[in-house]
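Same order as they appear, the protein sequences are chains A and B.
Sequential numbering from 0 applies to the first sequence in numbering that gives the first Met the number 0.
Sequential numbering from 0 applies to the second sequence in numbering that gives the first Met the number 0.
Below, a sample of chain A positions facing chain B; criterion: calculated Cβ distance under 7 Å:
1) His246
2) Arg249
3) Leu252
4) Gln253
5) Gly257
6) Asp260
7) Leu264
8) Gln288
9) Ala307
10) Leu324
11) Pro327
12) Val328
13) Gln355
14) Thr358
15) Glu362
Ranges of calculated distance between the beta carbons of each label pair, as one might list FRET restraints:
16) A:Ala210 to B:Asp37: 48 to 54 Å
17) B:Ala21 to A:Gln196: 55 to 61 Å
18) A:Ser276 to B:Gly166: 29 to 35 Å
I should point out that these hints are in silico values taken from the structure, not numbers from a laboratory.
For every residue, glycine included, the Cβ atom is placed at its ideal position computed from N, Cα and C.
Now for the letters of each chain:
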Amino acid sequence: MRLELFNTTASRLSVVYTLLVTLAVGITLGSAYLLTESLITDEVDLIIDTELKSLEDKFARSGVPGVTDEINLRIDSWGRIGAVYMLTDANFERISGNVAHWPFDGMPSEAWPEFDIATIEPGRRAVHPVRAAVRTLPDGDLLLVGTDISQGRRFAEKFRFATLAGIGLSTLVAAIAGFWFSYRLARRVGEVTRTCQRILAGESGRRLPLAGANDEFDALAASVNRVLERLEEQAGTLRATFDSTAHDLRAPLQRLRGRLDALLLRSPPLEAAAHESIEAALREVDHLQRTLATLLQIALAESGTALAAPAAVDVGELAAELVELFEPVAAAQGLTLDCRHEQAAIVQGNRQLLAQLLTNLIENGLKYVPAGGRIEVAVRRLADRVSLVVSDNGPGIAAADRSRAGQPFVRFGSAGEGSGLGLSLAAAIARLHRGRLALESNEPGLKVVVELPS
Amino acid sequence: MHVLLIEDDTEAASLLLRGLHASGYTVEHAADGREGLDKALQLPFDLIITDRMLPQLDGLTLIERLRARGSATPVLVLSALGSVDDRIRGLKAGGDDYLTKPFAFAELLARIEALLRRAPGAAQSTRLKVEDLEFDLLERRVTRGGRELDLTAREMKLLEFLMRRAGQLVTRTMLLEGVWDLHFDPQSNLIDVHISRLRQAIDRGSDHPLIHTVRGSGYVLRSDS
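Just chain B, with the same shape it has in the complex (with noise of 0.2 Å):
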């Protein structure tokens, strides 16, 4: 996978480009945001991450002109502007997803895998399935091994979430974005509460657990133990 990473604070990219390389990218920097547009522009990028304060060039207006030259790359915005106005204007110019610095590295991967593999189309499917978990999306029902699970709205909304990144690491910031459509992060150790709910009604008195918690980062939901 090629990345392109734009960003001005140099020790900050040496550190993100040693840990993405660690993590099998292939990645080329940039140091300001001319050079990343041009970069951008000349090769062909599965993912461009663009600080969100760059000198030459601003990052939401290189996001602007990459989408008015009809690139649809995905792009993650690393901001040090955490407002929640910022986050919007973000969004609105083109990206993909938004970071508010510092983040955990293991966030920041979590949302490359997750833009990477957001596979246009699969929005589309009407029924999940994972190893012998069923979720009919039309129907609102559940299922594992054919016996009917008893959950509710918000559980369930929790479940497609889950069972949309099956194999991928889901953040609790991602949750709580995602699921509860809130962006800022609560003191309290709530995700891990309701992922321990999900986790009894789905996983409970079953030899293969689906939900699985990765130390430190969050969760993932699949088929091998």
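With the rest of the complex left out, here is chain A (with noise of 0.2 Å):
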């Protein structure tokens, strides 16, 4: 399993950063630009109400002549501050001002109606956009006072390109910092997950790297460090008990067919009915030792304690391997057992445990798979993983102990010869492999399911 960069917690976080960050410099400069806007909006309508105040009281004062006179005054300003006059008569006719024609289509409804006005400057023409305000005066003749507001608009442009560059610089940044510590995160966590499945796959002795940046993630390794040095030291202390729970048990054991043995070994020999009786006993040392083997093997795989060394073992070839030593007992039996299997169906394991496991299902069937029965073993590759199954069309379990065969230690069927260990033993070495053992009914019969990870 890779870590794919774009799919992790950190990249996730890195994008919601990146988009908070957005906003926030969105909002900060958006409302500077906005609250700058009409700063100068408001100046520019100012200076024109003064304006039409003053002309107002010129009006008052001294008529239409006076405020010709004095529009005619201040036009010459039009070049410094870009001031916009006209005086008209009730039917928009000019009376003075320097603009050439009434630029509204009637009396504009709005309070500050804006609109482009041409001139000629020296070399070229141009066209400047104009804010005004008009009024009308007590004898009807119309007032249009209005300032160019070319600056502000070219202001407010540039106003509007810097903050949106920097929203796009600031996303930009975000997210480039954002990639950059979710890569970072992406590949100390993918460090952490590589090692733990080599770990997993058998490399007990591998430890977790510390990056020596004293952070949270070299706390966490060294944690999990210290987890893993404590299993691998509860492995070796169990590995120690099973080593001497196998010796105590199987010293006696020698002893009793070391004197058993040499019982049989004496000059002279001893009476025929003896004899029968000594190997009648050196059989259930045998069946003793049998069992007490089996155990032994289930309690070491059930124990936790990873495979040691796997190797690739083909699991279809050691079943047909396996199938083939067995027909002949079947055929004796009046069985038919025969197997079926794809190419290279290869799972890291351990050949003669899972040779073991196959061992003891092909046996199960041997022992309740009435003559004239057939047992099959199929190993087939799947995508991730090798199944195995045998099936019979023997007697097979009760749906209700079937449920059980996971479990360690559950034996099935008759006890007489304990056979019910061979099954827990099999699902015990599924177990050590990664791999799960399930019983089905293979109706009529039972279909033993292996699934071992490839």
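Combine both chains into one complex, guided by the hints.
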């Protein structure tokens, strides 16, 4: 499993972070822009209002000629401050001012109408936006005063550009920073994941790397390493316990065997009846020894210790070999035993243990399927695992018992030969290979389904 | 034949000593690993049998030290640790064979014999012959009295194993390990059935059967009856 950079918590967080930065910068710069723009407009409006008031005063004192004189006086200032004046009669016919024609269609409806004015400046024609106000004088004439607002417009445009560029830049910086952090985060989490997977795969001595940064990642890695250390210690203790238990149980069996063997080798030889009894006793020792070996193997497999030195095992090939080994025995019992397997059904594991698993399943069939029956071993390669199915048309196992198949030390069928241990061991071996074993009905018969990750 | 037995379990050791003496071996006994290593280095032995878990010096370390000193004496490891990993570790350390306790004395004898008779260079021969049974290893052709026998690949492997050890006792466990590479004992009488099939193919209609059953122990392939 590879950690995709764009599919991590870190990268999702960095996207959210980038969006938040964009929003915050956008609100700040946007409101600054709107505030500034309205301040500029208010300033212009105030100037226009003041001009209108002074011209209205002039009209009150000296009528149309006074206003015309005043306008002519002030017109000079167009070049400097871009002031626009116009006095018309009630029919919008120009009396005086620096605008050639009434710029509106009749009386403008809004309080601060805007229009464009074309001017001939040295060498070029230019169009200037003008913001204006209109007053009706007491005699019905119309007075228009306006100001060139191209400066303000240009300023607003620059401000808008700066605002957008600022938002864009900060988004870019936030995105790069977020990407960088999430990349670093993904890399470190990825290292931890990979190391854990290798430990699970059997490299129990491996530890998480410390970056030396003394950050929370190092703290986490150090804690995980301590946990691993303790697990390894416990596995070691467990192993030692198994070893000494195995030794303590096998040593007396060895002495028992030795004594019985010595009796058989005695000269003069024992009488036939005694010989028979000793051979029967030896068979019991063999049986005891096999049960003990199975129990120890189950306990070891169930103890959670990792598989030592796993290697590639072709389960299909192994199944074919074992079926070939068991086929004559099956034939002698009047059973059909055959194998269907796909090529290269490879599993990382222990060949001997997997052979033991298969052997136990086949022997289970040999034990319970009556003559004339059929046992079939099928190995298939699936996407990420190998499926191994041993099915028969024997008496099967009751549904209630089947569900307990995965549990360790659960015995199936009649207690007689203690064959239940065989299935328990098979299940334990499957679990040791990080796989699972399930019992199903073959309708009729038993179907043992083992799945092992490849 | 001189055999060194390194075993700390005194009762098991005395039983083995008696059995080995009775089978015609001269046996020296050491009760711990250090004593065993000293003796192994001082005296020439044909075979060393050592327990795996020993006081003073562990059996596997003993073998490693022995091999480090250049000794090529065959070593048979006896162990109460029967798991697959233990076996692999035992053989990796330089052991030549590995026997899990408890074992039948006949099994031990058969393995001792196999190790002692393991002649270097015998593996090179391309043709095996026992009486009128001939096995051409290159062409994978088996004939009995000139008549070609029809054997499966596995039967040939089984026959080759027996012929290479002609005259020696071969146990069922040795066959499972050597022919099928299985290091555990299935419960069924598997090997007997395979041997009887092979016997059918080889000895049928012949006055001189070559494959003989040794009661309670295993099989031997040899010319005399």
